[in-house]
Each structure stands twice: as structure tokens, then as C-alpha cells.
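Undergrad: Knowing the structure of chain L, use the given hints to seat chain D on it.
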Amino acid sequence: MTSINVRVDGMSYSDDVEPRTLLVHYLREQLGKVGTVVGCDTSNCGACTVHLDGQAVKSCTVFAVQADGSEVTTIEGIAEEGRDGALHPVQKAFHEMHGLQCGYCTPGMIMASIDLLRENPNPSETEIREGIEGNLCRCTGYQNIVRAVQQAAGEMSGADTLGAQA
Amino acid sequence: MIPAPFQYARPTTVDEALQAIAEGGEDVKILAGGQSLIPVMRLRLAAPETVVDITRVGELRGVREDGDALVIGAMTTHHDVITDPLIAQYAPLVAEATETVADRQVRYRGTFGGALAHADPAGDLPAVALALDAEFVIAGPGGRRTVPAADFFVDYLTTALEEGELLVEIRVPKLTGQWGMRYEKFNRVAQAWSIVAVAAAVRREDGHIAEARIGLTNMGPTPLRARATEAALAGADATPEAIASAARQAAEGTSPSSDLNAQADYREHLVQVLTRRAVSAAAGL
Chain L
1 MTSINVRVDG
11 MSYSDDVEPR
21 TLLVHYLREQ
31 LGKVGTVVGC
41 DTSNCGACTV
51 HLDGQAVKSC
61 TVFAVQADGS
71 EVTTIEGIAE
81 EGRDGALHPV
91 QKAFHEMHGL
101 QCGYCTPGMI
111 MASIDLLREN
121 PNPSETEIRE
131 GIEGNLCRCT
141 GYQNIVRAVQ
151 QAAGEMSGAD
161 TLGAQA
Chain D
1 MIPAPFQYAR
11 PTTVDEALQA
21 IAEGGEDVKI
31 LAGGQSLIPV
41 MRLRLAAPET
51 VVDITRVGEL
61 RGVREDGDAL
71 VIGAMTTHHD
81 VITDPLIAQY
91 APLVAEATET
101 VADRQVRYRG
111 TFGGALAHAD
121 PAGDLPAVAL
131 ALDAEFVIAG
141 PGGRRTVPAA
151 DFFVDYLTTA
161 LEEGELLVEI
171 RVPKLTGQWG
181 MRYEKFNRVA
191 QAWSIVAVAA
201 AVRREDGHIA
211 EARIGLTNMG
221 PTPLRARATE
231 AALAGADATP
241 EAIASAARQA
251 AEGTSPSSDL
261 NAQADYREHL
271 VQVLTRRAVS
281 AAAGL
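Which chain is which? The protein sequence lines are L and D, in order. Residues 1 to 166 (the numbering used here) make up the first sequence, in order. Residues 1 to 285 (the numbering used here) make up the second sequence, in order.
Chain D on its own, in the form it takes in the complex:
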């Protein structure tokens, strides 16, 4: 199908983009990579009055270091994330999860910020951002503000972004020390969305697990942290038994949906299995 008609704006700077968003009327959609937006527009599930295409806002692309953080421009494509040397060095979990997103054509167009702002519960990157305690830098008419990942994901397809605002960059704290990471994704066929996935970052110290951060994909309307498992792992021995025991708590506090791909109770089972695998791999077992 063909999308409904819309007004089209193509700014080249963040300021121009904010202005175009402000002038766009009641229903404005921001076009980042378009790999989620264009499909829903084609199905006319979305029919915005104005589309603000930010693909030519060059300042939103690229990865840089800023002290203890990596700063990933919202318009950095998945392809560029996968091949970026700074991400490989300081946040390989981001690259590993991004490699599992969709397919190579989609990864050339789709963007890191676009996927996060879309906030699909089955999307892979929100759980990674949450696990890594990323911060979201949002530009608006009144200036910029920073929102922690824990507050950014509000509900199904809903984030802390207000009308008139634009996600400009994501700050990911650099992980230094003995961190291991793993993204374990379960889906049935190529390019399919996650039925459940688990992002784990584990810091080891003297044969035990000092700290574990675990983000869960598709276990509720927003990405979640497996807090009970994290608590059980803090200070635990880095043994298969200790990890398996902690992983059995991975479904605590989750509220997965039932859909064509899986029933809720199956997802609750899956998340325990995948958490065990992800944490084991991240801990080097």
C-alpha cells in the first residue's frame, strides 16, 4: 500500500529540525532510518500530517568519546554501530545486539536512536541501553535535557520524549575492568523480532561475579532489568550452579504478553534459560 499524503520537511541541523517539528502541526513524525516508520505508514497504521526527515542532519551521526562515556549520535546507523571501533572497545554488547537486528539492508538505513525512540518491546536495543545504564540526551524548544534509560521507556511504544522534542544522542558509560558481555536472542526465523532476548554485562573479580547487569527484551511493554537475578549474582561464585540458580529468578517482576509467537508462561520459561546462557557466556563460562 501507499502511505497517506503528508507534508515533508528535510532539515540539515538540529535547530532546523526542532523548528520543522514545531511548525509541523498536530501530528508530526520524525523519520530517522524509516525502517519501522515507513512500514507502519504504508499500512496506514500511522498517517502523520508532517514527516520531518532527519537523515541529512549530519551532526546526529557518529560515535565519540566524552570522558567516561561513549556518545552515540541518534542517527548513527546500525551498520555504522557494528563497525565502530569505539563501540567495539567500550560497549561490544551494543554491537553484538545490533548485529541481530533485522537484516543487512535494514541495518544500512535503521538507526540507533530511531530504534530506541520507537521503543518496540521486541526491539533489541532498548534492553541493551537499559542494561548499560545509558542516558538519553533530548533536544527541545527550551534546550537540552538528559533522561536515564530507566525513565526513558515509559510504556508500549512510548518514551519520555515529549511533543516537539528530538532524541539527539545516547551516552553509554564506558565499561572498564573485567567485563564480559553477551546478547542472547531467541527467534524462529531470519530477520524475525525477538520472542525473548537477554542482554547481560558481568564484571568478574577474583573468580566471583562482582556485578551483573541484565536487560530483558520483550518481557513486558517496556524493556526490564532482571533485578532479582542481578541481586543474586552480586558476589556469587562464577560457577554454572550459582548462575543457574540466579537465572531462575529472571522472570520475577516481568509481565510478558501472549501473542502468535509465544504464550506468557513460555516467555517466562525462556527468559530463565536465556539469562543463564547470557550470564554464563558473559562470565566467561
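Looking at chain L on its own, in the form it has when it is part of the complex:
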């Protein structure tokens, strides 16, 4: 066992983990953060995407020990950013634009989209499609996912001018 200190969604945790424990399993099984899901066994689907020190990563492809000393943000930790309890603009846009069907890919899609918009606040449709290429929707609901990201981009760039959203 190796002891790690990690901040997840704004809370600090000290835990002992086996080095072989994947970050996604630590999040789900030790911390109960089951909003982050496992969709595949091959690092393809992106459903388990979280932010590790501000960058989107597939948490099935990082060992929990590698997050020692780091800040992790999951789908469960984004709503509190900025406004108390309100949905993150990307969550809200996925809801309003019907950016999900079965919903299994949604946590990863949202985390990847937030990462994309942080780097490119006004992406073209092609840039959105390329930006979320690491995330698979097996319902093939990509049209509305792309529309949701477009709406969120519009709202976030508007919100930025009001200084309301990070």
C-alpha cells in the first residue's frame, strides 16, 4: 500500500492505495464518486474523464498513486464552481439541448468539453468534434452533443464578460 494525499472536488483525502489501483476505481470505490463511470477496458471511450490538475485525463489510464499531491475534479465537483449549487453551463447546455440519450457517456463528454472550452472558448463545429474525439457516444447522439457544446460556449463567453463564471 502507498499513502496518497489528494484533493477531489474541493475536499482533501488521505488514503492508502495499492499502486495498481486505477484512479477511476479509487474515485468510485474508495471515495464513492460514482458519477465518474467506466465504459470500456481499452482507454477508448472517455466516459471516465476527469480533470487532473486542470487537464482532462482518462481516469482509467492513470494510477491513483499518480494523483498524489494533485487536484482532481470530477463531474460531481463542477456545479459548485462559481455559482452555488447551480449546474455548470456545460451541464445546463447538455440538459437543454438534449445532449444525451442513455447518458452513460455524459460525465466524460462534459468533462472533455469543459477542457476544450477552457483552451478554445469559441470552437468551430469541426473543432468541437475533434476536441471530443476521445469520447464515444454509443447511442451516436453526437449532433446534440455538439449543439450543447456550442450553446455552452456562447453562454460561457457571455458569462465571462459579466465575471460570473470561471
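For the record, the hints were derived by calculation from the structure and aren't laboratory data. Some clues are possibly wrong.
[Claimed, not checked] What follows is a set of in silico ranges between Cβ atoms, one per label pair, in the way DEER data are often shown:
#, chain 1, residue 1, chain 2, residue 2, range
1, L, Thr42, D, Ala22, 28 to 34 Å
2, L, Gly69, D, Asp206, 55 to 61 Å
3, L, Gly69, D, Ala22, 23 to 29 Å
4, D, Ala88, L, Ser14, 19 to 25 Å
5, L, Asp68, D, Ala22, 19 to 25 Å
6, D, Ala150, L, Ser12, 15 to 21 Å
7, D, Arg144, L, Gly103, 50 to 56 Å
[Said to hold, decoys possible] Only part of the chain L face toward chain D is listed, based on derived beta-carbon distances under 7 Å:
#, residue
8, Ser43
9, Ala56
10, Glu133
By construction, the Cβ of each residue, glycine as well, lies at the ideal position given by its N, Cα and C atoms.
TA: Relative to chain L, chain D alone:
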């Protein structure tokens, strides 16, 4: 699936890393970005006794100039390669190929040196390193040695790295003058590996092609140079006809495999098409 148990070491310097590798027992794996290693460990295709995690060896990250070469630290992530101003200036082919690697999540973690040391024949960066005549700086218990790209890739997933050694940096000669570059990749879906890809760097002089360097991805167990095409292009007119004629020799000396994605003869066809496109674009046509 969950990987088999292993001992874990997390050095912070190259010296500590070499020591951890030396003390790691019979089967040591070096964890760079982990984007190829962790998947194969999860499938238990690899079950090393010790994993030496070098993600916190800061001296292995970053890009610097050293005379006529760019020096890319082995642990520089794909994301950092894509956004690096020195690479954009002197080796844009590296950035262009890296942009096609996997997806943005993988590119935040995956590293330049890790992808080269993994030496997957379908990986994009080995052919680029070979085309650019990169040199590999390897640290070991007895000091450092430098291996040219032509000798680094030995066989399928096999490099010149010996037990106990660590790839520390890659030296890419700066290209100056009228060079154009292009990476042409063929795959079927997003984030898929190359079925075939071609890395081309072309130097033009007075309307003709003075020199062409062409690296081939997935046309054999190691990356290859399209030597016959390179020879045909040296001194050739920079015309579509001359390039198309030279590109027809691109499959010479290759030994592509047949797999679920493509038969060997299809790859031999593809490599000619992609070579024509890559060289044409690199020559500014």
C-alpha cells in the same frame, strides 16, 4: 480489468530513476505517460515486477535549443510538443504528427519519449523521428550514449534500449532553408491508429526538389524510410508528374503486415498514394 500487483517507485531525478530501475528486479517497466503501458497492464499483457514512474522527473520535460539541434526531453507531453514555439519553428512536422496522436486526454499524459520507446509500428512519432534523422540520448548505469534513429528501432516493439537504460532526450536536427513538411495519416475513425502514414520533409531549391526525407508508419515491424522514392526525388522537378512517379516506388523494401484493418497489398497501395500527397504538400504543390 485491474493490473497485476507490482512494486512502485517514483524517482524525481534521472539518477534516482536509474537506481530504481537497477533495483527493480527481473521485469521492470518504466511508466512515462502510461497511455500505452497502463492499457496493456490492465489487459495483463504486461505484468511487471516493478513500475518506475518517471512522471515527476522534471529534468526530462521541455524543449531547448542546443546549437544545430532541438533537444526534446523524453517526458515532454504530446500536448506540450504541439504548443511548443521551438518545435513550431524548427520541426513543425513533429507537431503536425503529434496532433494526430490519439485524443486530447491521451495527449495530456502521453509523452514524446514514451511513444518512441514503445516503438509501436502503427505509432506516428517513430516514422517522424526517422525521417528527421533524430538522435536518441540514452542514460544507463555506465553513463550516456547516443543512438541514431536508424539504429534505435530494432524490431516490433523493440528498440536499442538495453535493460537498465532510460531514454532521456531526443535530439532533432533543426531544419533551416526552404523545407516544407507534411504528415499524411490514413485511419478510419477518430483516435484510431494509423493504418499507414507518411512523414515527408522536402527541401526545394530553384523550382526543383533538392532533398526529400520520407518516413513510413506501419509498413513493417519498424518505421522505414522510403529510400527509393527519396533517391528518385533528389534533383527532380517539383512537378505533380515527377512526384507521382517517385511515389510509385514508396513500397519498395517494405514488409507491411495483414491485419483486421488492412491487407498487406492494400497497405502497399496506400503508401504510394499517401507518399504522393505528403511530398506534394511538403513541396508546396
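Undergrad: Could you work out which of the previously given hints the structure breaks and list their numbers from low to high?
TA: 4, 6
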